[in-house]
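Residue numbers (the numbering used here), protein chains in the order written: chain A, 1 to 135; chain B, 1 to 135; chain C, 1 to 135; chain D, 1 to 135.
Hint data in this document are derived by calculation from the structure and do not stem from the laboratory.
One thing to keep in mind: the hints can contain errors.
Note: identical chains are not told apart, hence a pair may lie in one copy or across any two.
To be verified - Derived lysine to aspartate or glutamate pairs resembling EDC-like cross-links, with alpha carbons at most 20 Å apart:
| hint | residue 1 | residue 2 |
| --- | --- | --- |
| 1 | Lys73 | Glu55 |
| 2 | Lys73 | Asp97 |
| 3 | Lys45 | Asp76 |
| 4 | Lys63 | Asp97 |
| 5 | Lys77 | Asp51 |
| 6 | Lys77 | Glu11 |
| 7 | Lys69 | Glu104 |
| 8 | Lys45 | Glu55 |
| 9 | Lys118 | Glu87 |
| 10 | Lys111 | Glu65 |
| 11 | Lys119 | Asp51 |
4 protein chains.
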Amino acid sequence: MTEIIKMYGLEFVVRDYECDLQGIVNNANYQHYLEHARHEFLISKGISFVDLHNEGLDLIVTKVEIDYKHPLKSRDKFIVRLTIQREGNVRLVFFQDIYRLPDEKHIVHAKVTGVATKKGRPVSPGDLVNRLNLE
Amino acid sequence: MTEIIKMYGLEFVVRDYECDLQGIVNNANYQHYLEHARHEFLISKGISFVDLHNEGLDLIVTKVEIDYKHPLKSRDKFIVRLTIQREGNVRLVFFQDIYRLPDEKHIVHAKVTGVATKKGRPVSPGDLVNRLNLE
Amino acid sequence: MTEIIKMYGLEFVVRDYECDLQGIVNNANYQHYLEHARHEFLISKGISFVDLHNEGLDLIVTKVEIDYKHPLKSRDKFIVRLTIQREGNVRLVFFQDIYRLPDEKHIVHAKVTGVATKKGRPVSPGDLVNRLNLE
Amino acid sequence: MTEIIKMYGLEFVVRDYECDLQGIVNNANYQHYLEHARHEFLISKGISFVDLHNEGLDLIVTKVEIDYKHPLKSRDKFIVRLTIQREGNVRLVFFQDIYRLPDEKHIVHAKVTGVATKKGRPVSPGDLVNRLNLE
Chain A
1 MTEIIKMYGL
11 EFVVRDYECD
21 LQGIVNNANY
31 QHYLEHARHE
41 FLISKGISFV
51 DLHNEGLDLI
61 VTKVEIDYKH
71 PLKSRDKFIV
81 RLTIQREGNV
91 RLVFFQDIYR
101 LPDEKHIVHA
111 KVTGVATKKG
121 RPVSPGDLVN
131 RLNLE
Chain B
1 MTEIIKMYGL
11 EFVVRDYECD
21 LQGIVNNANY
31 QHYLEHARHE
41 FLISKGISFV
51 DLHNEGLDLI
61 VTKVEIDYKH
71 PLKSRDKFIV
81 RLTIQREGNV
91 RLVFFQDIYR
101 LPDEKHIVHA
111 KVTGVATKKG
121 RPVSPGDLVN
131 RLNLE
Chain C
1 MTEIIKMYGL
11 EFVVRDYECD
21 LQGIVNNANY
31 QHYLEHARHE
41 FLISKGISFV
51 DLHNEGLDLI
61 VTKVEIDYKH
71 PLKSRDKFIV
81 RLTIQREGNV
91 RLVFFQDIYR
101 LPDEKHIVHA
111 KVTGVATKKG
121 RPVSPGDLVN
131 RLNLE
Chain D
1 MTEIIKMYGL
11 EFVVRDYECD
21 LQGIVNNANY
31 QHYLEHARHE
41 FLISKGISFV
51 DLHNEGLDLI
61 VTKVEIDYKH
71 PLKSRDKFIV
81 RLTIQREGNV
91 RLVFFQDIYR
101 LPDEKHIVHA
111 KVTGVATKKG
121 RPVSPGDLVN
131 RLNLE
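Using the sequences provided together with the hints, build the complete structure.
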């Protein structure tokens, strides 16, 4: 139930509009990077966030914990790596790390907890988990 | 068909995250201000952008022209004023101006053209126009 | 050192562009709301985030923990309330809660940890703390 | 003075957070795409938007005209192509087009006018123009 699998990485480059008046990436934008990496990971497993939504199944984030270790600046290259873990009956936990490239400086560590919901109520993510090969 | 009615103003304050590394509001965020003012204007006329979408009627922007006259900075107060005009059979045109407060410095002038669509095809905005008292 | 003072609230309304294709506010935007409330709180105490940056003192968020309890939808009104606490020698902790208005539905609980830095190094937030009356 | 040179293209993929509750990319985000393409183009010519800002030279957009021809949806791939033209003594004009990939559907046509400024005043973009080989 708690296996962790190293499985996915997605590369980005900082866009200038993502930086704020401190000259560094605004904190909220890291959540965008993390979300995009999760959705692209799901797509790589044949799971479309949008198609699921249109079928009535929404993946909802219930908790986010982000450690900001070092800021990214304009045009920095970086990679978002993630692993995934099942927690209890309904929760999926993503562990996500951002590293600057090419020096692998550790930028962000995040734990993102989500549940699958139908009509606003949590449901077992059984089918999803099968597709993710978590069991 | 071309009457212009002075009709609406909405006040804002610049939020720090809307500024970029030049220390001024990022250009794209003015479109957010303009959009929010249009939607609040429609609400003030009893027209919900979201309800319309859920009924299958989407208001789509087809053209935006924005003159940037002077930048806004962190925590500036400003007002978005708008008038609306019908153009031809299917187009509605919003003229929108942003003025800094309290000195009424002219920040942005914009012309935003939109159409009403159902299933991606333009339809007459007749009912909308009636509610907007444009005729 | 650990006193908590109930001290600040700021009201918002959801803007349509802050919602994503699930029809609810995108997770990252709650961080924008929380940041804007913190900065307005500091301003209410005579402390300008931007002026501090221009003086070489940057307030940096080092950790964010957000519990998403219930989503906000288009045009929901809400309030961000915050308290602040000193932790150790260099950390300031903001506890922030978002409640929908007028029904006071609990939307988000967040703990945001920050430090003051000069040239990228943490410094004692002594002067800030004095101005915030935390001691 | 008015030569147009076909010179640059940059590929993107739509990220889910860029879509709004209509399920399509929010209008303001196209300005982000256009800006990022312009900045990456300048970088490809050895011109850093951020370095220029730090040297006191800011490139400022004075006018944006965008025709929205067809919306982009979640995960669409697209390319932003641009040409550049000098207009009068101080203005640079970017013509930018967005095409969906791989079908080359025309999504957006934009004309973006900018000036170089020092301390808020327009200056001749002579050195920039030399580096861009516009003469």
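I want to check one pair: Lys45 and Glu55. Are their C-alpha atoms no more than 20 Å apart within a copy, between two copies, both, or neither?
within (17 Å within a copy, 34 Å between copies)
At most 20 Å between alpha carbons: which applies to Lys63 and Asp97, within, between, both or neither?
Both: 16 Å inside a copy, 14 Å across copies.
Given identical chains, is Lys73 near Asp97, meaning Cα to Cα at most 20 Å, within a copy, between copies, both, or neither?
Within. Shortest intra-copy distance 17 Å satisfies the 20 Å Cα cut-off; inter-copy 28 Å does not.
Checking Lys69 and Glu104: alpha-carbon separation at most 20 Å within a copy, between copies, both or neither?
Within one copy only: 13 Å inside, 34 Å across.
From the Cα coordinates, with 20 Å as the cut-off, is the pair Lys111 and Glu65 best called within, between, both, or neither?
both (5 Å within a copy, 9 Å between copies)
When Cα atoms must be at most 20 Å apart, do Lys73 and Glu55 count as within-copy, between-copy, both, or neither?
between (39 Å within a copy, 17 Å between copies)
How would you classify Lys118 and Glu87 at a CA-CA limit of 20 Å: within, between, both, or neither?
within (19 Å within a copy, 40 Å between copies)
20 Å Cα cut-off: does Lys77 pair with Asp51 within a copy, between copies, both or neither?
between (30 Å within a copy, 17 Å between copies)
When Cα atoms must be at most 20 Å apart, do Lys77 and Glu11 count as within-copy, between-copy, both, or neither?
both (7 Å within a copy, 16 Å between copies)
What label fits Lys45 with Asp76 when the C-alpha limit is 20 Å: within, between, both, or neither?
between (28 Å within a copy, 18 Å between copies)
Alpha-carbon proximity context of Lys119 and Asp51, limit 20 Å
both (15 Å within a copy, 19 Å between copies)
Hint compliance for this structure: every hint is met.
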